[in-house]
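Participant: Listed below, chain by chain, are the residues.
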Amino acid sequence: MKKLFIVAAAFCLPLAALAQDDLLAELEKQDSAVAKENITIATFKSTRVINMNSTEITGLNNLQFMIIHHFGSLWDNTESTGANFARLFGMNAGFANTYMSFDYTPVRWMNLGFAFAGDINLEGTAKFKIMRQQTGKRNYPVSIAWVSTARVNASSKEPPQDDLVWNKFSYLNQMLIARKFSNAFSLQLVPSMIHYNLVPYGSANSNTTWSIGIGGRMKITEKTAITFEYNRQLNNYENVIDKTGEIVSYSPNLISLGYDWDTGGHIFQFFFSNSTFASNIPQLTVNPEKENIGQWCIGFNLNRSYALKKTVKIE
Amino acid sequence: MKKLFSLAAILILFNSAAVAQKYSTRDGYLYFNPNKNQSNKEYQAASKEATAVLKVETSEVALLVPMKTFHFNNALLEEHFNENYLHTNKYPNGKYSGKLIGFNKDMLTKDGVYKISSEGEMELHGVKKAFKSPVTLTVKGKTATFNCEFTVKAADFNIEIPDLVKPKLAEATPLLANITFPMNL
Numbered sequence: 000m001k002k003l004f005i006v007a008a009a010f011c012l013p014l015a016a017l018a019q020d021d022l023l024a025e026l027e028k029q030d031s032a033v034a035k036e037n038i039t040i041a042t043f044k045s046t047r048v049i050n051m052n053s054t055e056i057t058g059l060n061n062l063q064f065m066i067i068h069h070f071g072s073l074w075d076n077t078e079s080t081g082a083n084f085a086r087l088f089g090m091n092a093g094f095a096n097t098y099m100s101f102d103y104t105p106v107r108w109m110n111l112g113f114a115f116a117g118d119i120n121l122e123g124t125a126k127f128k129i130m131r132q133q134t135g136k137r138n139y140p141v142s143i144a145w146v147s148t149a150r151v152n153a154s155s156k157e158p159p160q161d162d163l164v165w166n167k168f169s170y171l172n173q174m175l176i177a178r179k180f181s182n183a184f185s186l187q188l189v190p191s192m193i194h195y196n197l198v199p200y201g202s203a204n205s206n207t208t209w210s211i212g213i214g215g216r217m218k219i220t221e222k223t224a225i226t227f228e229y230n231r232q233l234n235n236y237e238n239v240i241d242k243t244g245e246i247v248s249y250s251p252n253l254i255s256l257g258y259d260w261d262t263g264g265h266i267f268q269f270f271f272s273n274s275t276f277a278s279n280i281p282q283l284t285v286n287p288e289k290e291n292i293g294q295w296c297i298g299f300n301l302n303r304s305y306a307l308k309k310t311v312k313i314e
Numbered sequence: 000m001k002k003l004f005s006l007a008a009i010l011i012l013f014n015s016a017a018v019a020q021k022y023s024t025r026d027g028y029l030y031f032n033p034n035k036n037q038s039n040k041e042y043q044a045a046s047k048e049a050t051a052v053l054k055v056e057t058s059e060v061a062l063l064v065p066m067k068t069f070h071f072n073n074a075l076l077e078e079h080f081n082e083n084y085l086h087t088n089k090y091p092n093g094k095y096s097g098k099l100i101g102f103n104k105d106m107l108t109k110d111g112v113y114k115i116s117s118e119g120e121m122e123l124h125g126v127k128k129a130f131k132s133p134v135t136l137t138v139k140g141k142t143a144t145f146n147c148e149f150t151v152k153a154a155d156f157n158i159e160i161p162d163l164v165k166p167k168l169a170e171a172t173p174l175l176a177n178i179t180f181p182m183n184l
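Just so you know, the protein sequences line up as chains A and B, in that order. Going by numbering that gives the first Met the number 0, the first residue of the first sequence is number 0, and it counts up by one from there. Going by numbering that gives the first Met the number 0, the first residue of the second sequence is number 0, and it counts up by one from there.
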């Protein structure tokens, strides 16, 4: 009889153990057993670092409307202090460049954009997300994106007047390699190639301009960050013959300092930059020499995105 | 000796029966809209990947949802949800463990709609809080669906909402949980 009780007790044991074990612990164990994809998100706040594209891409089925605005230069040396005050440090100088773009993401890895690039130019952009920084199932140390932009001068007056339409086109190809080092700090490397179908004739002129850039951001709070950017043009900037036949030099350096502010709905990016152009193609090829800080400009990027296709439903 | 064997056999059977009386699912549905205006579709978010388990004998339930499986209509809001509000890298899962009140196993064998409730502890953003809410159990054939509508206050879970965003959001976010257990075991 004693034996019987022991056996009975022994069989009861697993039952007792089962009754005690924690259901939640069981789920947690299940959850941690599955290999996860820890995909890094929000390497940058916006689809732009400052002037350059970032590896971020507008969300799936979302349309982003973006305005890039570059005011006039901060200080005009040829004018008096009073006149410069009246110009409001370039913000009301009767001169500004604006870039308005609509970017839609039909599939997770591709964004298509159309932009009114300012100064009678139109731009079409395709951006591809090639690699996403992640750990877990796969280990990728960086995010990689590719940007291709075609720009057309839509002016009917600009020379060449009765030239082939293809001569009005120029292109930008850019590779973006970014890494989010910590929650606050991200860095991006940007090699770019710009091709003009037509350039003025001259020994230093080439259809293709190369440049390399670096950009980064450092978060101050959850919603704000400091950003910086430096691009260096590698050729086609010294003693170039321009459209009017004059020999000019461009600034090979494109420097920008910015401040990101995420309001929850919009993303504002305020910045100082040494280019008053709002589009990447002129910024990286024909940026006039602007060495002293007075010739820099204030600018901002503003964007907002809308869910065009509502996939979430109440069930 | 014969007696001993029959007892052992009964115990084994009973044990395995107890094990079988546990139902689980991997595709529990959770939905919420943090906007004050519940018809604002940009803010709609849902996860279809909540895991849940129900132990019939003890009426115990548990639920775990990986926060990154919540998808918003507006991708930017999803990014904010993960990056700025719920910090899902640090706190990857939302959890609940508790008991069903007024539940008995006979409900699962008879089709019908039963009003019961659940009481337990919920964990979100690393903060644990007591939870109590009415639950509707719908049994139909070989499925048991638990429906629960409840609200969550961001402040209760140390989720900081900036002043600029506050006017847009509901004071208490209504959530909807829809957990269906198949009972084919």
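A couple of the hints might just be wrong.
Unchecked claim - Looking from chain A toward chain B, a few residues come up when the C-beta cut is under 8 Å (computed):
1) Glu25
2) Gly58
3) Glu78
4) Lys222
What the hints assert, rightly or not - Derived CB-CB ranges, DEER-like:
5) Asn183(B) - Leu121(A): 58 to 64 Å
6) Phe113(A) - Ser116(B): 51 to 57 Å
7) Ile211(A) - Asn146(B): 31 to 37 Å
8) Met217(A) - Asn36(B): 51 to 57 Å
9) Lys167(B) - Asn37(A): 27 to 33 Å
10) Phe84(A) - Pro161(B): 56 to 62 Å
11) Trp260(A) - Glu120(B): 46 to 52 Å
Calculated directly from the structure, the hints in this document are not laboratory data. Note that the Cβ used here is the ideal one computed from N, Cα and C, for glycine as well.
Participant: All hints, please: hold or fail.
Facilitator: Results for each hint:
1. Satisfaction of the interface hint for Glu25(A) is found here, the shortest Cβ-Cβ separation to chain B being roughly 6 Å, below the 8 Å cut-off.
2. Interface restraint check: Gly58(A) against chain B, minimum CB-CB distance 2 Å, threshold 8 Å, status holds.
3. Checking Glu78(A) against chain B by beta carbon gives a least distance of about 38 Å; that is not within 8 Å, so the hint is violated.
4. Here the hint on Lys222(A) is kept, as its CB sits about 6 Å from the closest CB of chain B, short of 8 Å.
5. Asn183(B) and Leu121(A) have their C-beta atoms about 60 Å apart, which keeps the hinted 58 to 64 Å range intact.
6. For Phe113(A) paired with Ser116(B), a C-beta distance near 54 Å keeps the hint of 51 to 57 Å intact.
7. In this structure the supplied range 31 to 37 Å is violated for Ile211(A) paired with Asn146(B), their Cβ-Cβ distance being about 58 Å.
8. Hint check: Met217(A) to Asn36(B), Cβ distance near 36 Å, so the stated range 51 to 57 Å is violated.
9. A hinted range of 27 to 33 Å holds for the C-beta pair Lys167(B) and Asn37(A), which are about 30 Å apart.
10. Between Phe84(A) and Pro161(B) the beta carbon distance is about 35 Å. The supplied range of 56 to 62 Å is therefore violated.
11. Separated by about 38 Å at the C-beta atoms, Trp260(A) and Glu120(B) break the suggested range of 46 to 52 Å.
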